[in-house]
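Trainee: Order-wise, the sequence lines are chains G and A.
The C-terminal residue of the first sequence carries number 221 in our numbering, and the numbering is unbroken.
The C-terminal residue of the second sequence carries number 1073 in our numbering, and the numbering is unbroken.
Be a bit skeptical, because a hint or two may be false.
Stated by the list, open to error - Distance windows between CB atoms, simulated:
| id | chain 1 | residue 1 | chain 2 | residue 2 | range |
| --- | --- | --- | --- | --- | --- |
| 1 | G | Arg85 | A | Asp1032 | 22 to 32 Å |
| 2 | A | Ala1036 | G | Asp186 | 37 to 47 Å |
| 3 | A | Ser1053 | G | Pro161 | 34 to 44 Å |
| 4 | A | Ala1036 | G | Pro120 | 51 to 61 Å |
| 5 | G | Ala182 | A | Asp1032 | 20 to 30 Å |
| 6 | A | Arg1050 | G | Gly183 | 22 to 32 Å |
| 7 | A | Asn1044 | G | Glu28 | 41 to 51 Å |
| 8 | A | Ser1053 | G | Arg77 | 32 to 42 Å |
| 9 | A | Pro1038 | G | Gln3 | 22 to 32 Å |
| 10 | G | Asp160 | A | Ser1040 | 17 to 27 Å |
| 11 | G | Pro25 | A | Pro1039 | 38 to 48 Å |
To be verified - In silico negatives: residues of chain G with every beta carbon more than 12 Å from chain A:
| id | residue |
| --- | --- |
| 12 | Arg147 |
| 13 | Ser148 |
| 14 | Leu155 |
| 15 | Ala180 |
| 16 | Ala197 |
Rather than coming from a laboratory, the hints here were simulated on the basis of the structure.
From the three backbone atoms N, C-alpha and C, an ideal C-beta is built for every residue, glycine too.
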Amino acid sequence: MAQLAVEPQWHAAAQALVEGLVDLPDDEERVLLLMQVCEWLGDELYPGFLRVLWLIGRHGEHAACAAVARALVHALRTGRLPGGRRGAWGARIGIDHAYGSVRHLGPLEYLCAWHGQAEPALALPAESFHAAARGVMGLFDACAEARSLYCEKLLAEADDPLSAVLTRRTREGLRALAVAWAGGADAAAASGRFLAALTPAPAPTAWLVPPATAESRTLRA
Amino acid sequence: MMRIADFEPCLPDGFLRPSAASAATPPLGWFDDAGAPPPSISANVAPGARGLSASLHAERVLALLCDGPTEGP
């Protein structure tokens, strides 16, 4: 398993990944590169892969983002979008090895599951989710086909209650994000739709406690 | 007719919740833009990175992120 360096060179790694994707001669090789980086990092460092994608989406020139997006188109078409593994409901990663105990999630689905998980201490804060999602979506925005294909995949994930990875609310948020994104909303707005869908409605305390009447005051006395 | 999704609230609490992120220490600050903006990432290929295989390109990326030998799983 890979160990993260004490001072990882994130920016240089993002540059090296883009160089590889530009240099390789065909889509099959490009997808292989993405998958190898992802696999060699392993489950624990999958967020590191997301950070590399985020850096490219955030600081990459259009041609650099487009090179990644074109590779992602082929990955989406062939069902090999580089993903991270998360445990399904009730399963424990590394302990349960039964079929279906872990699921692969693509970059955005992983971020959604990370933010929407129940343990607040381990959840990705809303600000970080917003920043990460915008960066990753920025990559897909560099290629209309990549964006369109990914929106279709996200909607399919949102409509699949059997995957056992995303809670119902997270799936609703994912659907809101995908519908907005597919409808032309920019990354910030679509990411905001996800967060809004997960924000609980304020408790209607005003009408839960009835105002005291003269009769109830008499009874209490 | 009841759908699978309708059963979700009936499951024991632990089953409602996907397991925690696999990372032992979630890097919560990884997506925060702090400090001076880094130089932009270009689509130019450095001379030393030309003509490599996918595996060698992957090793190049991993060597910048990880300690020790970077080999496949």
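Trainee: Can you list which hints this structure breaks, lowest number first?
Mentor: When the structure is compared with the hints, numbers 2, 4, 6, 7, 8, 10 and 11 turn out to be violated.
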